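Top to bottom, those sequences are chains A and B. Take 1 as the starting number for the first sequence in this note's numbering and just add one per residue. Take 1 as the starting number for the second sequence in this note's numbering and just add one per residue.
Since the hints were made in silico from the structure, they are not lab data. Each statement offered as a hint is correct.
One-sided and incomplete, this derived list gives chain B residues near chain A with beta-carbon spacing under 10 angstroms:
hint	residue
1	Leu80
2	Phe376
3	Ser434
4	Asp486
5	Ser510
Chain B is nowhere near these chain A residues, computed Cβ spacing over 10 angstroms in every case:
hint	residue
6	Ile111
7	Val115
8	Asp136
9	Glu153
10	Asp156
11	Leu161
Note that this is a predicted model, so its numbers are computed, not measured. Here a beta-carbon is modelled for each residue, glycine too, at the ideal position from N, C-alpha and C.
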Amino acid sequence: MEGAVAYESDLNLKATELRLGLPGSDEAEKEALSGVRNNKRASPDTSDECGSKGSSNGDRENAPATKAQVVGWPPIRSFRKNSFQPKKTEAEAAGMFVKVSMDGAPYLRKIDLKVYKGYPELLQALQHMFKFTIGDYSEREGYKGSEYVPTYEDKDGDWMLVGDVPWDMFMSSCKRLRIMKGSDARGLGCGA
Amino acid sequence: MGYSFPEEVLEHVLSFIDSDSDRNSVSLVCKSWHDIERWCRRRLFVGNCYAVSPAIAIRRFPELRSVSLKGKPHFADFNLVPHEWGGYAYPWIAAFAKAYPWLEELRLKRMVVSDEALELIAKKFKNFRVLVMYSCEGFSTDGLATIAANCRNLKELDLSESEVDDVSGNWLSQFPDSYTSLESLNITSLSSEIRFSALERLVGRCPNLKTLKLSHSVPLDLLPNLLQKAPQLVELGSGLHTKEVHPDLYSKLAGAFSGCKGLKRLCGLQDVVPSYLPTLYPICVGLTSLNLSDAPIQCPELIKLVSQCQNLQRLWVLDYIEDTGLNALAESCKDLRELRVFPSDPFGQEPNVSLTEQGLVSVSAGCPKLHSVLYFCRRMSNVALSTIARNRPNLTHFRLCIIERFRPDYITLEPLDVGFGAIVEHCKDLKRLSLSGLLTDRVFEYIGSHGKKLEMLSLAFAGDSDLGLHHVLSGCKSLRKLEIRDCPFGDKALLANAAKLETMRSLWMSACQVSYRACKLLGQKMPRLNVEVIAEQGHPDSSPDEYPVEKLYIYRTVSGPRSDMPSFVWTMDKNSALSSS
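If we strip away everything but chain B, and leave its shape as in the complex, we get:
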């Protein structure tokens, strides 16, 4: 079969194919295509850093330029994954340092990155361009200083939501005067005072700077100067606080904003003084993305702002927007694609704002392109969910969080099974779903029958029995990630659907009813799964086998059990079921 296209032609054709799944398909055609494809693949995405080892990845793809890695399970965002669980970037970076001297991009999510790892990046990759560390931890501003001092071609440095040990703000001054290639800088998570003069000079000498997202410690007085130096900005994030309101500052700021004719995305605005909001009005019409989830702006000002953003596609906002604000949004922003409403007082017992299910219903009716929703509220009804489902069958992401657990339909006091059932039934392309409120096994029956494209499902305090889990595992054909907490799901459903687990990236279960015995059995029978039991209270062997494990993380892997587990994590391997008490 050697008389197909010459290699060079095939390589050229493949250079137009970017998507991972397409490239995977190409590599399955025949051996020679597999071989040609792997030599010319430049980007790799590893959704679970423990699913494959660096050595295996390097062996298959010898010429990568860009790698994305994800570490901890999603529930780590809510403090459910113990500290020191894992997700270390160093072994990967060390292996890449030897194998890919021409590596240009690293995107890490929920990983532990040490200063040593950052130093490797800084010194070993001569053409390094993009470093994104989303929700990472383990490094300090010293590591950043090394990056700044050494990465001559750095285009993008993004530290969104990472926990940085903020030793000093001087690291920014480590970018040499000759360095001018910065295009995107996101340092919102840093809290220490940075040297503003260094920042100003940096911004001034980087003509391609498009994204600038700063921590809220940047004072308002500095902003006009920065904006004047970077009128080409497309994305801006900045606090907007000031102790006093001076008329001079106001007009300077207004002028500076007006000068940023290409500004499309805005975020931050922590501590904004409402009287300064009108400085933003001239740029509102150009905005496609507005993230006000850190800004304590009240409803009337929010309405004024949002009504002018006719081209808005994405809005993240606090529940201060209230139902009236969402009505205004539905009227003004016909291009809206994504809405996230966060709670301003998540732990308050009583609602502090007038935001109900009605706001979401309005937006679902008024915004025909809306496909992604994250909504925190305090009450919901089946009829509202059904209305939303019928209004917006194009929903792909639907995450509803009713703040108080076990809340039934507030009108009928029934469970919300039927409402969520309507969502999965009408929204045929639904990929991601998070449930809340009072839910029985019935909702899982609906999800199993209709959620055929569902890839990620998050459950908490829901369901009655194993049947619920069984419906999901047996029905959701496209399921990749399942995360469950505090649900009465146990051994039966898990063991009956063991094979399904190999078709998924991962399963997280905490505070459920899966016994230690079942974990051992699963580990024994499924060698291509890592069945990890997390037990901070002590070795699970010290309790009877019937006792439920605290937390369970199961994922498929081609690399066997990991070797970096902390003392409170145990992998159930093929020997564990034999060595029971």
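In isolation and in its complexed conformation, chain A is listed as follows:
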């Protein structure tokens, strides 16, 4: 036990600690060396299944690394590496379902983004589904003048205006949709 105690106090002396980089580059060095070691707790809002730890924890430089495949992880033998994903049913295989909420509506809906070829069809379908109208989209002013504004949550957890990015990019980054009241949407969609 003695040895352990002495050892502990020895460890606490920063001066004698073996450093692995230039003095002064403490935290960053530790982060980089311990790989993607994320010292911050996941925030309570982060959903269990959410693969993205990125901006919600502020560890920007680590975010891409959490998604990259790490050699030898998870620890399975190479012959087990082939994913066994079952053949999905027709609908599931084809679909990209996202939840749609509308401010004031009692329950949510789900739509399949793959069904639509572009923004015009999507917006038309939404207006039809929720019985509202929106004005024309302009890059500069968004859906100015509309009673409702379509927004979506992207992979980083940010709420974006529908229509800003190319359709394909939208399809791959959209996690859920929200039809906001126009009055709440002020401030969105006006340039950067």
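Fit chain B to the known structure of chain A by using the hints.
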């Protein structure tokens, strides 16, 4: 002290003692016992082929009949050990060819075996009976052909998980028509088309064939014929795929399975068509081992199958079994001893099945004999781990892999230190442990205090500091193998516990923070250890000594540094610390 038992009596008594550790104890009693024991030892197990040289082994044990050798470190299974690292079987086999013409059994694990080595086996050992190459590589079907053609008394040929250069399936035809002694054949890793007619004839003429494990390329239509020729089978492995479902084939298969009254172990079932699964129902009650880890069977069918296997002792399965399937398992299979659940979609970001910690908790509650667990899942909690520990204090092997790294307790968002602490505290006979999830140095404190019987520990992405490693090295008295990757452990703990390393078989550390300087120091101070630095990026001398080494493999040895190292491995010997930059 010559008036003890006559030698012959002692030899006779010793012939009943099989276990290595007992025989080792016998050899320590006195010189004459040491001498008598070494002449009558028939089996040798070498856990690390570089810990001792063939010459030393032969000198001590002149009359061996059976040898087991292990080569590469365990992490080679996950591609962490570079190709060409070592583990060559040839030098051993060549030495045995001269010293043990009566050698009967060779069991090799994670070794490189060349066709030349196989040819030596085939030609030099007249009474060769058992060849097991588990997770080996370096040989082709040509080498197998030589074995088949020459080993008249071969009983067992097992190539599990080995990488074979599959030149042709004709090697099987090299077993002469007069050859009838096959008892066990495992060729699951071969992918080329074998000559089915040759296989059928082979199976038909070997009345003692008990184990038959085939590659999945064997078509379903062939199986009934094979089974009819070998109703005495105890263990079967076969794919079960077919393009179409014919009613005729179904009834043939059902009949053939029913005829195998002694079938106890089943594996394979790759590409199985669910509608064919009921052909297995009649034999389920006799099964003690079921390996469905290659079979994409979904939960409902799995439940139907498993619920009928009341005598099941071992189940390996994909996570398609889900929590509901594991609940059914816990209710039906009260004799279960070992459970392994593998991930069906290991690289998917989102869970694709509903398998959580609850499944494991159920099984731990329902199966009183469960002692060995390997479980891949995506979430865990301290309370679940504590429950499992309290339910199953008889656990000896516990390997948990939470697929995403650094995952905390999903309920409290705390590290999983306390949960794993409960495992080591309650499971007093725990021999093997693998950790995952978010873990601090605290978990190592628990492991060091309670893991007194722990022999093998695997760590990845865990811990905060050297203190973690220090707890393990100073506390785990029985530790033999320690493998670590991507943990912030460095020089201090390693150097402070250098003596401990001589009591262990090996230590692997990769992507940690052990400096080149510390490696040199260790190599200099501990002549009975081989401190091997693996540096694929270039000679470690080209970076400052403080820089961490990429990979480090330390093992005790009586043979000094090995002579077959590739260009990217360096042994730190007693001179290395002196010749620093």
